[in-house]
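> Residue-level listing of the chains:
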Amino acid sequence: MAKPVVEKRYKLSEQVYLWELIKGMGLTWKHFIFNVKASFRPEPHTIPTCWQYPEDRRPIAPNFRGAHMLMLDEEGREKCVGCGMCAKICPANCITVENAKVPEGEEGKYAGKTYSKTFTIDWLRCIFCGFCEENCPKGALMLGPEYELARYIPEECMADKSMLLANFHKAKQEGKLRPPREPVPVVGAAAKSGEEKPAASADEKGEKPAAKPKAAVKAKPKAAK
Amino acid sequence: MNDLIITLIKVVFIWVWVLLIAVVMTWVERRGAAMIQDRPGPNRAGPFGLLQPLADGIKLFTKEDIIPAKAKKLLFILGPILFSLPAFSAYAVVPFGDKIVLGGKEIILQVADVNVGFLYIVALGSMAVYGIVVGGWASNNKYSILGGLRATAQLISYEVPWGLALLAIVLVYGTFSLREISLAQQGTFLGILPNWGVFKQPLGFILFIVAAYAEANRVPFDLPEAESEIVSGYHTEYGSMRLGLYLFGEYVNLCTLSALMVTFFFGAWHLPYIDMASFLGPISYGIASFLVFFLKVSFFLWLFVWVRWTVPRFRYDQVMGLGWKALIPLGLLNLFLTALAIQLTI
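From first to last, the protein sequence lines are chains A and B. The numbering used here puts the first residue of the first sequence at 1, with every later residue one more than the last. The numbering used here puts the first residue of the second sequence at 1001, with every later residue one more than the last.
What you were told as hints is all true, and nothing was included just to trick you.
Under the rule of at most 30 Å between Cα atoms (straight-line distance), these lysine-lysine pairs were calculated in the DSS-like manner: (1) B:K1070 x B:K1142; (2) B:K1059 x B:K1070; (3) A:K23 x B:K1200; (4) A:K8 x B:K1325; (5) A:K101 x A:K113; (6) A:K23 x A:K11; (7) B:K1200 x A:K11; (8) A:K113 x A:K161; (9) B:K1325 x A:K23; (10) A:K161 x A:K79; (11) A:K11 x B:K1325; (12) A:K176 x A:K161; (13) A:K101 x A:K79; (14) A:K161 x A:K88; (15) A:K138 x A:K88.
If you anchor each label on the Cβ, the simulated ranges turn out as follows: (16) A:A2 x B:S1240: 47 to 55 Å; (17) A:L12 x B:L1332: 17 to 25 Å; (18) A:L12 x B:Y1316: 20 to 28 Å.
These are calculated hints, taken from the structure and not from any lab test. All values reported here derive from a predicted model rather than from experimental measurement. Virtual Cβ for every residue (Gly too), placed ideally from N, Cα, C.
For reference, chain B alone in the conformation it holds in the complex (with noise of 0.2 Å):
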């Protein structure tokens, strides 16, 4: 009974903390953006317009609910639900902290520690696109399917560059269980770098990286929704808050992959050289391993944006060629290499 209720706690926690992530991103987007191309921005709600989502909020959840009249409605509406509900449901398995001991009971910072979470979160990053699929068939609009057709293909392409990538991850730290590989990357590594994942998968570390912006349709990968040709691409037909879950779930997206970049690449909770563990008490470290966390996710997070108003968005054919031309034989590769070495070294 207590432990279900810690557990209980811990997915209210997480899944409150992700939400005000995905709320703060909507905001530290548009302002960021606003920085980059000299303007100012949305500044007038609130100290530094931080107000500005909660305004947006009100303003999607008040809108009239419009379902297109040739639209499949029950499919019209699980669209979004299909959407935001694997972005959701990632953080499942994501370690967002080492431990924390309350009254003698020790408590670990992730909701579930399972032993193949790798396999799980690969499952969900590919169920987000049946809700992008789903919402551009039954908008029964052109560009909707376009934006639908878009973003199956490109998921199909990067899903193996960003599989391959996660592989020799899993070659390299023999498990599946995210809390083990993050635990592995204390320390350092050749005795001078952080024992981290990119100073021992630098190449398959860029791959994972170019991957995730395409799973999560961000630019320059941003076809399914691509403005300029296909209007809005899959959510074209939606408004009110059906659009607001959509938009909501692809910071939700960002947010997962991030706290993957982290877990995988950049040591998770560790800091370099310098063992928490060692000089704080079993509370304050567990604290401080979760803000070290989302410190690094935040960097990842920022990335994403800095990213989305630098590059412009790639043409079709290059996106795919990219993919099947550039991502998968290297993945192939770093996946070959990795093998070797762990196989000369043991």
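Looking at chain A on its own, in the form it has when it is part of the complex (with noise of 0.2 Å):
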């Protein structure tokens, strides 16, 4: 059944239209007025729907997930051992790692006894997912802040070591560094840790299942931090 079509009776002082048209013009009149005067404030976010983008920025969330990090511990040194587990998870397969001993000599730069040759993250496939950054056994790759990531050359969208390190930097330059994020629960997860054998199946079939309570073991002191 279709709704019974009710026709709107109009007043006479609707059907003239004029008086209407300036109780109208009243209202955007107060509109005009309120945003002139806050266009001549000095402040940068006056009208309160608009941002002016470069000189004026919304806050972004705390966990936002932008340009990735390599971290520095806090003796300076490269947390990044080169295990590869990032490029493992990583859905858009744009992780390339390789792996090395830390050559004699420079062993006050890396933290562990193997690091990453290179690091290069492709961001012109990376979807910011951020598993690479749950994953990581040593919470040494995190999304940052960063997010003008536009480039007029697609050869600087190849992210490598040293744009890692230079994002890392800026960000702990500019206090925006923030806690490893927590990690994610795993349904059934609290479960299976009280029996042995599962959990021993896992460590034998391969690093993945072994390594997340173990990056959830790093990751917990440091939240508490």
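With the hints as a guide, dock the two chains, each given alone in a separate frame, to form the complex.
Right, here's the structure in full:
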């Protein structure tokens, strides 16, 4: 059943239209005056609905996933051990890690015994899901607050190690480093962790399931700090 | 020879002035729209975005000039010219100030004081629609032709109340010359009100302003270009400077109509209760009258913008209904009442 059509009966003042028009113009005038006054104020963000982008930015969320950073620890050593876990879990297949032993005389630069000789992230392919960060056993890779990633040349979007480290330094300088992410609770993980057998079998199968609890253990004390 | 040079200077001056107003109006419209809609609008080019029209101009001039393959070439090129020329030439008879005395020579601030200036305005006002129809026809596009047809229907409907409103003004002032109408509006009316046309013809003014909005194809009567219905109407196929001419012609048209409103209904260059000629020197009086006139014009230009961003577009049948069923009878009534009043008072 279709709804019965109710014909709206207009009052005479509405039919004449002019008075209603003047009322409407009063409303637009109010908006106009408000915004004109606002646009003369010196602050960058005066018109509430509009952000004047380069000068005036919206605050980003605390767990924002922007450009990747390779983290350094408190002593300024690279945390990355070049295990390639990030590359393995990456759904877009955009991370390339080359593993190498730390050369002699450079032990002070790296936290682990091995390090990543090259570490390249293809930002053209990256979907910024953050799995690499979640999966990193050392907490060495994080997605930072930087989001202006557009470049004119595709080659510039291949983020190499120096760029990733530079991102870290920049974020640290600006005080935008956030504490490492809480591990995502896995359904059924609590029940399984009580039994030894499945955990052991997982260890045998590969590093992946074993790595997760490790990362969780590492992350927790830092979060507490 | 001397007169010829003076006339030439006046022509060039008012032409440049009106062009300047049209340019500034594009900025005013965009900023005004933005302010009404709670956003900043173009504010990057120059202070307050004032150089935005310049950037627009450069963009329009340097864009590729496309003529659709199946368009009628000659008419396609002719359309924008036909549209903007009448808009420019209507200013020839509009008095934009009283007079200025230079070296003992009295210069009237009006390009030509034609004694049928009134008819000239009415004739040119309806010429502009040819540009729209021709452009719409030549584009070989269904939206364009629809826009053109709508413009024609609208113009035919609203030319009548427009003319009727103006006719009442002629009855009141007894002259066809715009300068004489302006001069007649000095002093006070009924002892308290300024002697302006709007107080003698309040209904006539409402009719005139509504019809003027329809003639200029402005919201709420912008059916010829209704974006939401027929893409962009008559200038759908136009780009680069041809489109620029259409848009520009529209603003010049607005300027002309505002000047007419001021001339007929708002006392042209007269300030209410103050006679500027009594205390200003001959040259400064000329400049002051010019400024007062354009102050009033700028109010009506702003009114065009203000209304545009307040009122939604009418439906087609509403436009026609308003024109034929409301404005024309009211116009006739107004004419009758005016004639009666004049007959009784004489």
